[in-house]
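Engineer: Quick note, the sequences are listed as chains A and B, same order. The letter at position 56 of the first sequence is residue 56 when you use this note's numbering, and the numbering goes up by one with no holes. Heads up, this note's numbering is the position in the second sequence plus 1000, with the first residue counted as 1.
Rather than coming from a laboratory, the hints here were simulated on the basis of the structure. Backbone N, C-alpha and C define an ideal beta-carbon position, used for all residues, glycine too. Just to be clear, a hint being listed does not mean it is correct.
[Claimed, not checked] Only pairs whose alpha carbons sit at most 27 Å apart, straight line, appear in this in silico DSS-like list of lysine-lysine: (1) B:K1068 / B:K1054; (2) B:K1068 / B:K1005; (3) B:K1037 / B:K1071; (4) A:K57 / B:K1005; (5) A:K17 / A:K57; (6) B:K1037 / B:K1068; (7) A:K57 / B:K1054; (8) B:K1037 / A:K11; (9) B:K1054 / B:K1005.
[As the list claims (entries may be wrong)] What the simulated footprint calls covered on chain B by chain A, stretch by stretch (three residues with Cβ under 8 Å from a Cβ of chain A suffice, anywhere in the stretch; the number is not a length): (10) 1065 to 1075; (11) 1094 to 1102.
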Amino acid sequence: GAGVSQSPSNKVTEKGKDVELRCDPISGHTALYWYRQSLGQGLEFLIYFQGNSAPDKSGLPSDRFSAERTGGSVSTLTIQRTQQEDSAVYLCASSLSGSPRGYTFGSGTRLTVV
Amino acid sequence: DQQVKQNSPSLSVQEGRISILNCDYTNSMFDYFLWYKKYPAEGPTFLISISSIKDKNEDGRFTVFLNKSAKHLSLHIVPSQPGDSAVYFCAASDTDKLIFGTGTRLQVFP
């Protein structure tokens, strides 16, 4: 596609429910990144994919968070048993070669846990 | 701990004047720095970057300065325009990802 596409754009969920957030990167981009922006915070790194493998998962805040990428394309970030502190904007970015110097971001998914 | 810091959460500047946004980092191994701009409900977009082998990079109204000894970089916007009102994030390139600061909200008023 022309840009990085994320869905849904907004998600309201009840505490304790599971949610799935989707990212469709730019076609041909091998690297994919997930970040989140909590209220008043910067962009917090979550996980990085190169192809289908995730060489850096260091930013996942707990084992309730997981992500996968299939076919070197679409990625899904899953949050299990959501908590109120998970409320944030979740941003996905992709880059052509894995160099972190050429990110293109999607518009994000605003997650609200009530 | 925060490896990239933007200590000013907000900045207000009159149209036509210079906007100066600051960023500090702690890791001397960072070799590439970027500035991103973010409007509400949109993803961040790349603005300008600088390699650690340079101390200045200019692109139109935007100039980034890098002071490696002080581990400090700054973004200058001149002249500032109302359309520049946004949140600006500074980022440093780690081996496999970007590390972002907390952002500075710039408001340019007429």
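Engineer: If a hint holds in the structure, say so; if it doesn't, say that too.
Structural biologist: Structure-based check of each hint:
A hinted pair counts as satisfied when its Cα atoms are at most 27 Å apart, and K1068 (chain B) with K1054 (chain B) qualifies at roughly 9 Å. With a C-alpha separation of about 15 Å, the suggested pairing of K1068 (chain B) with K1005 (chain B) holds against the 27 Å cut-off. The straight-line distance between the Cα atoms of K1037 (chain B) and K1071 (chain B) is roughly 21 Å, inside the 27 Å bound, and the hint therefore holds. Under the criterion of a C-alpha separation no larger than 27 Å, the hint pairing K57 (chain A) with K1005 (chain B) is consistent with the structure, at around 22 Å.
With a C-alpha separation of about 23 Å, the suggested pair K17 (chain A) and K57 (chain A) falls inside the 27 Å cut-off, and the hint holds. A distance of roughly 23 Å separates the Cα atoms of K1037 (chain B) and K1068 (chain B); the hinted pair therefore holds under the 27 Å criterion. At roughly 32 Å between alpha-carbon atoms, K57 (chain A) and K1054 (chain B) are farther apart than 27 Å, so this suggested pair is violated. With a C-alpha separation of about 24 Å, the suggested pair K1037 (chain B) and K11 (chain A) falls inside the 27 Å cut-off, and the hint holds.
Restraint check: the Cα-Cα separation between K1054 (chain B) and K1005 (chain B) comes to about 21 Å, which is no more than 27 Å; the hinted pair holds. Coverage of the region 1065 to 1075 of chain B by chain A is violated. Counting CB-CB distances below 8 Å, 0 residues qualify, and the rule asks for three or more. As drawn, the region 1094 to 1102 of chain B meets chain A at 8 residues by the rule of a beta-carbon pair under 8 Å; at three or more, the given contact holds.
The structure fails hints 7 and 10 (numbered hints given earlier, in ascending order).
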